[in-house]
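Work the whole structure out from these sequences, hints included.
So the protein sequences, as listed, match chains U and V. If you're matching positions, the first sequence starts at 1 in my numbering and goes up one per residue. If you're matching positions, the second sequence starts at 1 in my numbering and goes up one per residue.
Calculated directly from the structure, the hints in this document are not laboratory data.
For lysine-lysine, the following DSS-like pairs were computed, each having C-alpha atoms within a straight-line distance of at most 27 Å:
(1) U:548 / U:87
(2) U:278 / V:78
(3) U:564 / U:488
(4) V:148 / V:36
(5) V:94 / U:139
(6) V:148 / U:407
(7) U:407 / V:115
(8) U:407 / V:154
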Amino acid sequence: MHRKDSMPGRFALLAPLVLFALGAQAQSEISGQAAATGAPVPKNISVSQGQLDAAGRDAANFLHSNMSYAQTRYYPAAQINTKNVGKLKPAFVFQTEVLESMETAPIVVDGIMYLTTSYNHVYAIDARTGKEFWHYKHKQGPVMTYCCGPNNRGVAVMGGQLFMGTLDAKLVSLDAKTGKVLWSTQIADPELGYSETMAPVAVNGKVLIGTNGGEYGIRGFVKAYDAASGKELWSFATIPDKGHEGVWAANDATGRNMLRDIAAEKKQLADKGGDFYKTLGGGVWMAPAIDRETGTVFFVVGNPSPDLYGAERPGDNLYTDSIVAIDLNTGAYKWHYQYVAHDVWDLDAVSPVILTEAKGKDGKMRKVAIHGGKTGHVYVHDRATGELIRFSQAMVPQENMWVLPTKDGARMLPGANGGVEWSPMAFNPKTRLVYAANLHQPMTYHVEQAAYPGGKLWLGGAFKVIPSEKQWGRLAAVNVDTGKMVWKVDTEQPLIGGVLATAGGLVFNGEGNGLFRAFDAKTGKKLWEYQCGAGVNAPAVSYSVRGKQYVAVAAGGNTQLDFKRGNSVIVFALP
Amino acid sequence: MTVLARIALLAAALASAGAAAQAPPSAEVCAGCHGKDGNATLPGIPVLAGQTSRYLYLQLRDFQEGRRSNEQMSPMVKAMTRDDMRALADWYSKQKPAPQPFTPDAEKVRLGQLKAAETLCTMCHLGGFMGQNEIPRVAGQRYDYVVKQLGDFKARRRTNDAGNMTSVSNTLSDADIENLAHYLASL
Numbered sequence: 001m002h003r004k005d006s007m008p009g010r011f012a013l014l015a016p017l018v019l020f021a022l023g024a025q026a027q028s029e030i031s032g033q034a035a036a037t038g039a040p041v042p043k044n045i046s047v048s049q050g051q052l053d054a055a056g057r058d059a060a061n062f063l064h065s066n067m068s069y070a071q072t073r074y075y076p077a078a079q080i081n082t083k084n085v086g087k088l089k090p091a092f093v094f095q096t097e098v099l100e101s102m103e104t105a106p107i108v109v110d111g112i113m114y115l116t117t118s119y120n121h122v123y124a125i126d127a128r129t130g131k132e133f134w135h136y137k138h139k140q141g142p143v144m145t146y147c148c149g150p151n152n153r154g155v156a157v158m159g160g161q162l163f164m165g166t167l168d169a170k171l172v173s174l175d176a177k178t179g180k181v182l183w184s185t186q187i188a189d190p191e192l193g194y195s196e197t198m199a200p201v202a203v204n205g206k207v208l209i210g211t212n213g214g215e216y217g218i219r220g221f222v223k224a225y226d227a228a229s230g231k232e233l234w235s236f237a238t239i240p241d242k243g244h245e246g247v248w249a250a251n252d253a254t255g256r257n258m259l260r261d262i263a264a265e266k267k268q269l270a271d272k273g274g275d276f277y278k279t280l281g282g283g284v285w286m287a288p289a290i291d292r293e294t295g296t297v298f299f300v301v302g303n304p305s306p307d308l309y310g311a312e313r314p315g316d317n318l319y320t321d322s323i324v325a326i327d328l329n330t331g332a333y334k335w336h337y338q339y340v341a342h343d344v345w346d347l348d349a350v351s352p353v354i355l356t357e358a359k360g361k362d363g364k365m366r367k368v369a370i371h372g373g374k375t376g377h378v379y380v381h382d383r384a385t386g387e388l389i390r391f392s393q394a395m396v397p398q399e400n401m402w403v404l405p406t407k408d409g410a411r412m413l414p415g416a417n418g419g420v421e422w423s424p425m426a427f428n429p430k431t432r433l434v435y436a437a438n439l440h441q442p443m444t445y446h447v448e449q450a451a452y453p454g455g456k457l458w459l460g461g462a463f464k465v466i467p468s469e470k471q472w473g474r475l476a477a478v479n480v481d482t483g484k485m486v487w488k489v490d491t492e493q494p495l496i497g498g499v500l501a502t503a504g505g506l507v508f509n510g511e512g513n514g515l516f517r518a519f520d521a522k523t524g525k526k527l528w529e530y531q532c533g534a535g536v537n538a539p540a541v542s543y544s545v546r547g548k549q550y551v552a553v554a555a556g557g558n559t560q561l562d563f564k565r566g567n568s569v570i571v572f573a574l575p
Numbered sequence: 001m002t003v004l005a006r007i008a009l010l011a012a013a014l015a016s017a018g019a020a021a022q023a024p025p026s027a028e029v030c031a032g033c034h035g036k037d038g039n040a041t042l043p044g045i046p047v048l049a050g051q052t053s054r055y056l057y058l059q060l061r062d063f064q065e066g067r068r069s070n071e072q073m074s075p076m077v078k079a080m081t082r083d084d085m086r087a088l089a090d091w092y093s094k095q096k097p098a099p100q101p102f103t104p105d106a107e108k109v110r111l112g113q114l115k116a117a118e119t120l121c122t123m124c125h126l127g128g129f130m131g132q133n134e135i136p137r138v139a140g141q142r143y144d145y146v147v148k149q150l151g152d153f154k155a156r157r158r159t160n161d162a163g164n165m166t167s168v169s170n171t172l173s174d175a176d177i178e179n180l181a182h183y184l185a186s187l
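Structural data, given as structure tokens:
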């Protein structure tokens, strides 16, 4: 963040997820083509629903961007563990041709790795040797709109098909063996600010995907597509056309007053009506979690549009800044719980939901859904009802919450990137700890009246970093049964990318300065590190081939925080 | 996607690539004010030659949808399709900006350059003021057009950028605007 520090920062704009520097630099789009180049994968790829369901116990493959439908990112292999991790060495480095922000979580099937880059390239490589098989470059349409870099967070796999969302708001299915395009479906209109960076989720013949665009006045959704044909099966709007005003909540989920002028909001709604729901935002940035037993999809919804100017969008702005549960088969609403009503700080909900068990208030174990917020709290909900069982102590400093944004800027902590950004957390059921990558970026929040600009960036003000205040990151371990932060490791830079935990008692996390590190899951003691040469701002994955365990992570830097760019996935193993 | 659909797409792509080489028919009407190749010579009319395609397209769309309005432009775009707009935007973006007849004042250029650096214009407009994404190229833009637009942003007469330029131009005096316009015209 040195670069941002040196800027007076009129337009140190942040997005829902993020920091968006309107003019950070010219990004020449890497041009694409419709077909993959290279050779087919030298084996048949076929991932059954049974394998996808059992992915959390699969010590050979890594089948979902967050490892399993429960998204715990707790990898069951223990060959690499606290005793030997100090000897971990690179096995190979795979260089892509795209030197730009990497947020990909590689998928590994039967020794074949599928990884993605910015601008929607996909590579199929040998996960043991790094040998490239095929390379697909998506041909983008005339308009791509993205707030926070031309990122992609990975593919989903099912049967012999891969699925990827694209910056020009398409869902594409590729033949996993050849990289050939099987079908391509336009999800929404990119001219109106819709785009895709998230990894989809494939389940039972369906492909689920949300949308970016909370900085552009979209109306968010989660959609399900038929995996065979690409036909839309259902769509859940994250902004209901009626009732988005909610309950006029005065306090946030932790009981703090949000200083809303509810009388003025009610008058605005009565006078002008609620038609603004069509541009109220509510992006869904990360892969949903799925409870297969109850057929429920869980995700969090991002900020309302425009981010900072709330006067013309009265009400709670449901279901922005909320965790939401819907039916897997129909997309029908089940429940929601809102963290921040009528958000004017972009302190929204982005990091993917984790499904596990945790103690209820009575000490009995309950099935829960967990989310790490930009607010800096981990929230633990009952999975069936959404009831907030507990929220953790704040993982990062909170100051002056919830001061309202002003024309000249009001200082509040956390800054608009969090807390926990899109970075997935990991949960170790043995330590009972959830591991969260946090940012600390002191900022001022500025508001400016702003009419809907028709699919262009729409913040209604600005987020500015405070150059004189130091920024840093924090890997925090929080006990889900108590809400207490058990250990923390502070880092030179704000953390963005996500965490992997393993049965070897390890926690892997990357940093913007290029360090990729392993910690003892119980204590947070640093056990190993490797300098990757570019920002490690993607979640690590693990897998095994021929009995040998590997850990893989992308080192491509980050657009949003302007960490040094790279183009590689680095794969580690014991000698 | 079927093979047929792919062939159709390919054909469409080739057709549009070909069309970009010669002026779309509707450019004849535009030429009345903006000049034959987008190098405007009339007062208050912007140079379109070399402008980014993305920006031109978005402005045409905004004129049509009423987010930006202008007595001359608004009626012109009424009947345009999105494809018409894209064809025009692509074509003008490929035309070469010609040297301007306007002679910038050297002292005003110097002051304008200083003000531009202080205001961080290139954070959005990019080095050399070449534009990117939805942000226009303003290098070599006409002096009188720049003065008018900065004034319009300041007075909220132009708001189709969601207010970003309003907060910028609020920090500029009339003299600053004059100097900046000289500087940009000199590039």
